[in-house]
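Chains as they are written, first to last, in the numbering used here: chain A, 1 to 140; chain B, 1001 to 1102.
Do not rely on the hints blindly, as some may be mistaken.
Derived DEER-like restraints, expressed as beta-carbon distance ranges [as the list claims (entries may be wrong)]:
1. B:K1029 to A:I60: 18 to 24 Å
2. B:K1004 to A:T98: 31 to 37 Å
3. B:G1074 to A:V88: 37 to 43 Å
4. B:K1071 to A:K127: 40 to 46 Å
5. B:G1074 to A:L28: 24 to 30 Å
6. A:E93 to B:K1101: 21 to 27 Å
7. A:D101 to B:N1087: 41 to 47 Å
8. A:F18 to B:K1029: 20 to 26 Å
9. A:M5 to B:K1029: 44 to 50 Å
10. B:V1038 to A:H75: 26 to 32 Å
11. B:S1050 to A:V122: 37 to 43 Å
12. B:G1041 to A:V134: 49 to 55 Å
It should be emphasised that the hints constitute simulated quantities derived from the structure, not laboratory data. Just so it is clear, CB atoms sit at the ideal spot from N, CA and C, and this is done for glycine as well.
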Amino acid sequence: MKNKMSVTFDSCSENESFARNVIASFILPLNPSVDELSDIKTAVSEAVTNCVVHGYPDDIGQVTLSAEIDGDDLHIAVSDCGVGISDVNKALEPFYTTKPDEERSGMGFTIIKAFMDEVNVVSCLSKGTKVEMVKKIGVK
Amino acid sequence: MEVKYSVDKNNLYVYLFGELDEYSARDSKNTLDRLIDVHTGVNNVVFNFSHLSFMDSTGIGVLIGRYKKLKKLGTPSFIQSPSVSVNKILQISGLYEIMPKI
């Protein structure tokens, strides 16, 4: 089957559970396992948290969650038009955080990478960040 | 996110209900810190996750913060009954090395 969707919402943390529920509803026709569903919800939650905490540190901006089903492949993109990441490779390292004083674990991207098959991060300073993720559903 | 607790044989059991993410993190930190502050004499603190339906890396940060606070007090802390998905996050993040699962 083929299907796609896109939703844009404010970067307030209340919308993290909204984003998790949107992606869960969208992929239900693929009959994901409970594990697959929770992996995908967690990965989306991590990406949206990045937009809320790091993309727009001082104000509320727009976050876009889009997804596309193409056969067994699920493509997800979470993007913001915020401050961007100065060193993407550094940001992808486990335990690396720019906000250690806020009790941040620095594990967000590590968890996304562990839960999804492919992850790609594109960022431009002052323009924003896009996290693209792919996961094959129903393949162990 | 709701927090309940009980004290049994001088061990503090803390039960987390609901979802632990960026939205609920601040309130959770405050509630857990208050609980720890009024139970400083306990032997151990056990975080029971049997009613925690979701947690992401923000939750790991919350737990690391509470671990540091408890360590200063000399109180060991443990994790009990996480769901399969929460268990996965805890394993990947290495949290069990500082807060063992019992």
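Right, here's what the structure says about each hint:
no.	hint	in the structure
1	B:K1029 to A:I60: 18 to 24 Å	22 Å, holds
2	B:K1004 to A:T98: 31 to 37 Å	34 Å, holds
3	B:G1074 to A:V88: 37 to 43 Å	41 Å, holds
4	B:K1071 to A:K127: 40 to 46 Å	41 Å, holds
5	B:G1074 to A:L28: 24 to 30 Å	48 Å, violated
6	A:E93 to B:K1101: 21 to 27 Å	26 Å, holds
7	A:D101 to B:N1087: 41 to 47 Å	28 Å, violated
8	A:F18 to B:K1029: 20 to 26 Å	22 Å, holds
9	A:M5 to B:K1029: 44 to 50 Å	34 Å, violated
10	B:V1038 to A:H75: 26 to 32 Å	49 Å, violated
11	B:S1050 to A:V122: 37 to 43 Å	40 Å, holds
12	B:G1041 to A:V134: 49 to 55 Å	51 Å, holds
When each numbered hint is compared with the structure, violations occur for hints 5, 7, 9, 10.
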